[in-house]
Amino acid sequence: MTAPAKRITDIGPPHYEKFLPPIIKRNYGQWKYHESLAPGVLCHVSETGEKLYSVRAASPRLLSIVTIRFFADLADKYCGGYLRFTSRHNVEFLLDDPSKIEPLKQELREAGYPVGGTNNAISNIVHTQGWVHCHSSATDASGLVKSTMDALCDHFTEQKLPAKLRIAVACCLNMCGAVHCSDIAILGIHRKPPKIQHNVLPKVCEVPTLIASCPTGAIRPKNVDGKQSVEVVEEQCMYCGNCYTVCPAMPLNDPENDGISIWVGGKVSNARTAPKFTKLAIPFLPNNPPRWPEVVDAVVNIVNVYAQHARKFERMGEWIERIGWPRFFQLTGIEFTRYHIDDFKNAGQTYARSAHIRF
Amino acid sequence: MADDTKSKTPLLDELEKGPWPSFVKEIKKTNNPTCEDLLGQLELSYEEKKGHWKHGGLVGVLGYGGGVIGRYSDVPEKFPKVAHFHTLRINQPSGWFYTSDALRTLCDIWERHGSGLTNMHGSTGDIVFLGTRTGELEPTFKDLTEAGFDLGGSGSCLRTPSCCVGEARCEWACYDTMKLCNDLTQAYQDEMHRPPFPYKFKIKCAGCPNDCVASIARADLSIIGTWKDEIRQDDAAVAECAAGGLDIQKDVCDRCPTRCMEWDGKKLAINNRECVRCMHCINVMPKALRLGKEKGATILIGSKAPIVQGALLSSVLVPFVPAAELYDTLKELVKRVWEFWDEYGKNRERVGELIQRVGMANFLDAIGLDPNPAMISAPRDNPYIFFQSKEEK
Numbered sequence: 009m010t011a012p013a014k015r016i017t018d019i020g021p022p023h024y025e026k027f028l029p030p031i032i033k034r035n036y037g038q039w040k041y042h043e044s045l046a047p048g049v050l051c052h053v054s055e056t057g058e059k060l061y062s063v064r065a066a067s068p069r070l071l072s073i074v075t076i077r078f079f080a081d082l083a084d085k086y087c088g089g090y091l092r093f094t095s096r097h098n099v100e101f102l103l104d105d106p107s108k109i110e111p112l113k114q115e116l117r118e119a120g121y122p123v124g125g126t127n128n129a130i131s132n133i134v135h136t137q138g139w140v141h142c143h144s145s146a147t148d149a150s151g152l153v154k155s156t157m158d159a160l161c162d163h164f165t166e167q168k169l170p171a172k173l174r175i176a177v178a179c180c181l182n183m184c185g186a187v188h189c190s191d192i193a194i195l196g197i198h199r200k201p202p203k204i205q206h207n208v209l210p211k212v213c214e215v216p217t218l219i220a221s222c223p224t225g226a227i228r229p230k231n232v233d234g235k236q237s238v239e240v241v242e243e244q245c246m247y248c249g250n251c252y253t254v255c256p257a258m259p260l261n262d263p264e265n266d267g268i269s270i271w272v273g274g275k276v277s278n279a280r281t282a283p284k285f286t287k288l289a290i291p292f293l294p295n296n297p298p299r300w301p302e303v304v305d306a307v308v309n310i311v312n313v314y315a316q317h318a319r320k321f322e323r324m325g326e327w328i329e330r331i332g333w334p335r336f337f338q339l340t341g342i343e344f345t346r347y348h349i350d351d352f353k354n355a356g357q358t359y360a361r362s363a364h365i366r367f
Numbered sequence: 594m595a596d597d598t599k600s601k602t603p604l605l606d607e608l609e610k611g612p613w614p615s616f617v618k619e620i621k622k623t624n625n626p627t628c629e630d631l632l633g634q635l636e637l638s639y640e641e642k643k644g645h646w647k648h649g650g651l652v653g654v655l656g657y658g659g660g661v662i663g664r665y666s667d668v669p670e671k672f673p674k675v676a677h678f679h680t681l682r683i684n685q686p687s688g689w690f691y692t693s694d695a696l697r698t699l700c701d702i703w704e705r706h707g708s709g710l711t712n713m714h715g716s717t718g719d720i721v722f723l724g725t726r727t728g729e730l731e732p733t734f735k736d737l738t739e740a741g742f743d744l745g746g747s748g749s750c751l752r753t754p755s756c757c758v759g760e761a762r763c764e765w766a767c768y769d770t771m772k773l774c775n776d777l778t779q780a781y782q783d784e785m786h787r788p789p790f791p792y793k794f795k796i797k798c799a800g801c802p803n804d805c806v807a808s809i810a811r812a813d814l815s816i817i818g819t820w821k822d823e824i825r826q827d828d829a830a831v832a833e834c835a836a837g838g839l840d841i842q843k844d845v846c847d848r849c850p851t852r853c854m855e856w857d858g859k860k861l862a863i864n865n866r867e868c869v870r871c872m873h874c875i876n877v878m879p880k881a882l883r884l885g886k887e888k889g890a891t892i893l894i895g896s897k898a899p900i901v902q903g904a905l906l907s908s909v910l911v912p913f914v915p916a917a918e919l920y921d922t923l924k925e926l927v928k929r930v931w932e933f934w935d936e937y938g939k940n941r942e943r944v945g946e947l948i949q950r951v952g953m954a955n956f957l958d959a960i961g962l963d964p965n966p967a968m969i970s971a972p973r974d975n976p977y978i979f980f981q982s983k984e985e986k
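Top to bottom, those sequences are chains A and B.
Sequence positions in the first sequence follow my numbering and run 9 to 367.
Sequence positions in the second sequence follow my numbering and run 594 to 986.
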């Protein structure tokens, strides 16, 4: 009898060197500068004089193995089988022969994968799972991305904005898509306190952990029909879903009240100004699948007003800081409400603490 | 009689139209029976405006405490093929580079064991295999490890570290991001696979202050490349930019945050002592300006999304570490940070929130770092100082 094969564990990811094209291995760490040849096409030039061409195409992120195999076939046909994905879910083909750029672009476009996303374009939307695969989502992510990018696709394939514009979608406040530092953020929100399932709660949740999970201390112990449970002080609840994360008996889903909020002006790059958080633009828009027209219109409007008014190189947040928030609301026609005024921790830091007022 | 030609998913079918690649087409393309039920359940969500996945569920592979996200349908009687629809997170190679053969191997494994649907990639960076049954987890894992792949992180562990493309394709990389990311990932396999912490911990390696992996917003430990010496300048290439229509005064000098550049129409003068390494001028003139030669990274700590106590950006912990010393410095620093967090962090408290709660000065004492004015945007503006009694000695 042969001994069973040893179970392999803790090997970590495969070493990246196995996947680098020869031109990258030869010029690793020796890149001198790059040029943008066209939307979606970059040329990196090495100290050795060698040139690497990257062709970037959009992807829905949710990819079937059929499409991944199609990308693999394209890589074999055009660039020796080497490709990569970007931090914004685009796919990039790595070529050393410039004569193959146009045929590759054409084949990508014909297959329905637009080429672009470089420089002053709207790149792919970083997003979360939504109704496709998540238990706490207040909306779908893939449908919002598809609807929004259908409307903004020309900004992916062209580079005509004042600066780069980054959009992110997260379907609840957990923000797996980290939308808190994007030029425009589309964020799914709940608006009603959790509906406590007193009959299951004692079986599936630890009450002290549940109480400790609430950022505002809104959850208190309560005896219900002789069983240990909790109550929620509803005025203190801001529907963050922390309690639901630690206790499945606290669901927040509510089709009538769940929806979308829109945030603007964040960035992660240090270029010019420091990285900054997104700020609330629109507190609530309805969940309206399959096309979310209210959300798409709101985002397109913000993009258009920004494109028309911002100066060259000004990111969304830099433009708004220059013109001031009153003018942002005026130009975009977005209503300013009591919900825009922060009332969480350190809220006072966002009050206008000067007499600098534009008229 | 029912009309068989009528689509069962009219709402989702709408999302097959339009110029942007369609995720609905992707789901249909798999031709996998599981995906029929996935579409059916998703259509129901679109009708009802409500998700239909149950909360969590503990599943995994033997000996690992993470890497698999349990997912069960709350309408399994209607959609039995997605009754279990678990996710596997698979640690991506540094920089998300692949060969076509490696991708095909992954596709073949997933065709055998799951839905054939993936995310390339998840928000943290993993390859995500979306949807399989409990019984398929161990066989999938076996095939993956035999092909040289391993699971990523989930739960209260070190989440899968990620990095930008770095020296593989970018002239702005101030250190070898892909190597550092890979080395750290290999060094902390135990912390990734067997959750030891109060909550999640993320590491992201960005090669320069442009921060293409959003490390300052999304990583508990953000490693952002920078340089110490002077910006390298090619005067002929600067003149070429000006001749090509770039308004160097307006587009470069006036956009510099510290106004450390002067342009007299012929020569660009940079006062490097005033430069904050923001990257704007280099981004605008990549051929004419290059970052310096004395390269390394700034180490920052504490960023996170809102849950639980509000979103945070990372803040400076070590202003500069030379590239050659990064790995050893980080290993020692991470050890001290984790020790303190393990002891004092509350359940589900990220390290950034712990620092907010105990104060940065106490945190520095705990990990043995001296205070440095580069760590703050300004000294305190309140007089409520806790003096230490040992101070006088």
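Calculated from the structure, these hints are not laboratory results.
None of the values given here were measured: they were computed from a predicted structure.
Please note that a few of the clues may not be correct.
As a list, the in silico DSS-like pairs of lysine-lysine whose alpha-carbon atoms are at most 25 angstroms apart [to be verified]:
1) B:K859 to B:K888
2) A:K284 to B:K647
3) B:K647 to A:K203
Now the stretches of chain B that chain A is said to cover, found in silico as 3 or more residues with beta-carbon under 8 angstroms [stated by the list, open to error]:
4) 620–631
5) 677–689
6) 732–743
7) 855–866
8) 895–903
9) 922–930
10) 933–945
No residue lacks a Cβ here, since even glycine has one placed at the ideal position from N, Cα and C.
Hint by hint, here is what the structure shows:
1. The hinted pair formed by B:K859 and B:K888 fails the criterion: a straight-line CA distance of about 29 angstroms is larger than 25 angstroms.
2. The hinted pair formed by A:K284 and B:K647 fails the criterion: a straight-line CA distance of about 35 angstroms is larger than 25 angstroms.
3. The suggested pairing of B:K647 with A:K203 holds, with an alpha-carbon distance near 15 angstroms, which does not exceed 25 angstroms.
4. Figure legend: the stretch 620–631 of chain B, annotated as covered by chain A; annotation consistent (5 residues with Cβ-Cβ distances under 8 angstroms, at least 3 required).
5. Coverage of the stretch 677–689 of chain B by chain A holds [criterion: at least 3 residues with CB-CB distance below 8 angstroms; count 8].
6. Proximity of the stretch 732–743 of chain B to chain A, defined as three or more residues with a beta carbon under 8 angstroms from a beta carbon of that chain, is established by the 6 residues found.
7. Counting residues of the stretch 855–866 of chain B whose CB lies closer than 8 angstroms to any CB of chain A gives 0, so the stated coverage by that chain is violated, three being the minimum.
8. Here's how the stretch 895–903 of chain B fares: 6 of its residues keep a CB closer than 8 angstroms to some CB of chain A, so the rule of at least three is met and the hint holds.
9. A count of 0 residues in the stretch 922–930 of chain B with a Cβ less than 8 angstroms from any Cβ of chain A is obtained; the coverage claim is therefore unmet, three being the minimum.
10. Judged by the Cβ-Cβ criterion of 8 angstroms, the stretch 933–945 of chain B is covered by chain A as claimed, because 3 of its residues qualify and three suffice.
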